[in-house]
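Student: Here is how the chains run, residue by residue.
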Amino acid sequence: MGTMISVESVAKTYDSGLVALNDVSLQIEEGEILALLGPNGAGKTTLISIICGITNLSAGRVTVGGHDVVHDYRAARRMIGLVPQEIALEPFERVWNTVRLSRGLFGLPSDDAYLQDVLQKLSLWDKRGAQVLELSGGMKRRVLIAKALSHAPRVLFLDEPTAGVDVELRKDMWEIVRELKAQGVTIILTTHYIEEAEAIADRVGVINRGEILLVEETQALMRRMGQKEMVIELQAPVDAIPEALGKYNLALGDDPCRLVYSYVTQAGRRPGITALLSDISAAGLVLRDVQTRQSSLEDIFVDLVREPAA
Amino acid sequence: MNWWAIVAIYRFEMARTWRTIWQSIVSPVISTSLYFVVFGAAIGSRISEVEGVSYGAFIVPGLIMLSVITQSIANASFGIYFPKFIGTIYELLSAPVSFLEIVIGYVGAAATKSLMIGIIILGTAYLFVPMRIEYPLAMLAFLTLTCLSFSLFGFIIGIWAKNFEQLQLIPLLIITPLVFLGGAFYSISMLPPLWQTITLFNPVVYLISGFRWSFYGLADVALGWSLLAIFGFTLLCLGVIWWIFRSGWRIKS
Ligand SMILES: Nc1ncnc2c1ncn2[C@@H]1O[C@H](COP(=O)(O)OP(=O)(O)OP(=O)(O)O)[C@@H](O)[C@H]1O
Ligand SMILES: [Mg+2]
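So the sequences go chain by chain: U and X. Residue 292 in this note's numbering sits at position 292 of the first sequence, with consecutive numbering throughout. Residue 311 in this note's numbering sits at position 1 of the second sequence, with consecutive numbering throughout.
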């Protein structure tokens with residue numbers, strides 16, 4: 001499997017003078033799921049819009065499946081399905097016609113059986129005759145997804161697909177994403193629900209102020225930056241960390257009965273829990289309870305984005 | 311060429327026409343009838359004939375032009391403005407379609423609708439006045455070309471407009487006066503000499519004159535000029551649209 005999308009030194013300055021992207025380079029592999037994370041206004045939608053042809057780039061080059069998105073736009077765009085962040089649908093048109101329009105726009109003859117299958121998967125088949133304005137917000141989002149899938153794209157962009165969507169649809173959506181991945185479709189999604197990215201993405205890209213801060217395999221990132229914490233609850237309060245425990249990375253908890261031990265779980269490194277616990281009892285402290293927790297992608301992300309821009 | 315895309319856009323746009331088919335037919339029929347009552351009956355009783363044609367019959371080509379021009383601009387400008395307004399233009403921009411395909415789809419649908427309306431008005435006119443059409447093929451050709459060129463023009467307005475007011479502005483401020491002063495309801499020869507000269511700068515004069523010629527063989531200006539005017543206008547609009555899509559003006563940031 002090769003590179004599906006290649007973004008080389010792309011910059012975007014809007015007419016207002018605002019620099020939305022600043023020398024962004026990114027390679028997206030065929031068949032992977034990449035989650036783009038970043039705070040509001042980071043440039044996620046701008047990047048997607050440039051790849052899809054909705055926004056002009058100011059500098060750089062983008063190819064999709066080896067086709068330049070500017071010079072060979074037909075071949076590039078044929079491969080792409082886009083679910084935009086904002087719901088935009090012709091309100092008076094019927095669901096079925098809207099989806100048919102999309103397929104036609106991508107140069108394909110109508111194929112009712114295929115579209116029926118897409119609508120059924122999205123639980124929209126019953127609504128095919130409804131006008132768009134009769135649908136609820138979540139259903140409209142499904143229609144957007146159906147439109148994006150109407151031409152069986154090789155690359156799917158989901159710009160915040162789960163914003164304002166209930167649990168049920170969210171589950172459906174991830175089910176569909178997994179199914180598409182199994183078919184070899186490359187998927188790029190943005191989300192503010194970081195647990196989602198953690199659960200589904202092969203790789204995570206973090207973007208802030210128009211710059212890519214990192215792109216890394218989700219698992220590796222979790223391992224590299226994921227810290228574990230052990231909260232040790234004591235029978236009696238302590239006002240300071242006993243001297244005998246000074247060599248451990250311990251901190252006092254918000255409650256004087258608690259000590260917090262931070263450590264990294266990494267292959268080839270011992271967390272030192274056994275030694276710590278025996279030293280605690282040797283220091284005369286009595287344990288009441290012990291809990292551990294792992295920092296989530298969200299914590300990692302917040303740390304990254306908080307760092308002041310140089 | 312992405313033919314499926316053209317077909318898809320055309321169908322989708324025509325669906326709008328079919329949804330509102332009764333409005334689309336009834337309002338031009340009523341307004342035409344009103345024109346006949348006011349201009350045909352009231353004024354026509356004073357001006358009995360223009361160059362051998364009864365006044366009622368004389369104004370038919372101008373009336374059709376008036377409606378067809380206004381309708382073409384309104385349909386086409388709304389057709390492309392609406393996707394911009396509600397955001398569905400993202401799909402056009404991200405689809406593998408060229409500017410020519412988009413234009414053929416949208417302008418084709420807008421022109422079809424105004425052509426239908428033109429023919430309905432012609433039918434309505436038959437109910438009011440006895441008429442003849444000297445050169446039916448030329449008449450249809452003129453009508454179709456007018457629908458197409460003004461739909462192209464409307465398309466440009468739709469892309470240019472940033473709000474609904476601007477959408478109405480040019481038709482109201484420029485087109486309607488040009489059509490009214492373009493000899494829709496009178497022959498240029500009825501004007502004082504100075505005004506005749508000024509009028510010749512009005513491009514609509516050439517369209518109405520050519521169109522009226524196809525009915526009665528009467529023309530204010532030579533037929534060649536009429537043809538030149540309409541082809542020139544069409545090419546100009548196409549050129550502007552080509553530039554718009556190349557630069558992304560008002561549709562791509
Ligand atoms: N058409 C535009 N004209 C001018 N500035 C724009 C335009 N679109 C976006 N911007 C600006 O570009 C920056 C990046 O916006 P973008 O929509 O790409 O962010 P995002 O990462 O998608 O944010 P969100 O999470 O809120 O969707 C923002 O500062 C935004 O205000
Ligand atoms: Mg966004």
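Source of the hints: derived by calculation from the structure; they are not laboratory data. A few of these clues could be false.
[Unchecked claim] What the simulated footprint calls covered on chain U by chain X, stretch by stretch (three residues with Cβ under 8 Å from a Cβ of chain X suffice, anywhere in the stretch; the number is not a length):
(1) 129 to 142
(2) 216 to 222
[Said to hold, decoys possible] Some chain X residues flagged as far from chain U (calculated, every beta-carbon gap over 10 Å):
(3) Ile-319
(4) Glu-401
(5) Val-439
(6) Leu-447
(7) Lys-472
(8) Val-531
The beta carbon of each residue, even a glycine, is placed where N, CA and C say it ideally should be.
Student: Hint by hint, note whether the structure agrees.
Tutor: Here is what the structure says about each hint:
no. : hint       : verdict
1   : 129 to 142 : violated (count 0)
2   : 216 to 222 : violated (count 0)
3   : Ile-319    : violated, 7 Å
4   : Glu-401    : violated, 6 Å
5   : Val-439    : holds, 38 Å
6   : Leu-447    : holds, 33 Å
7   : Lys-472    : holds, 14 Å
8   : Val-531    : holds, 43 Å
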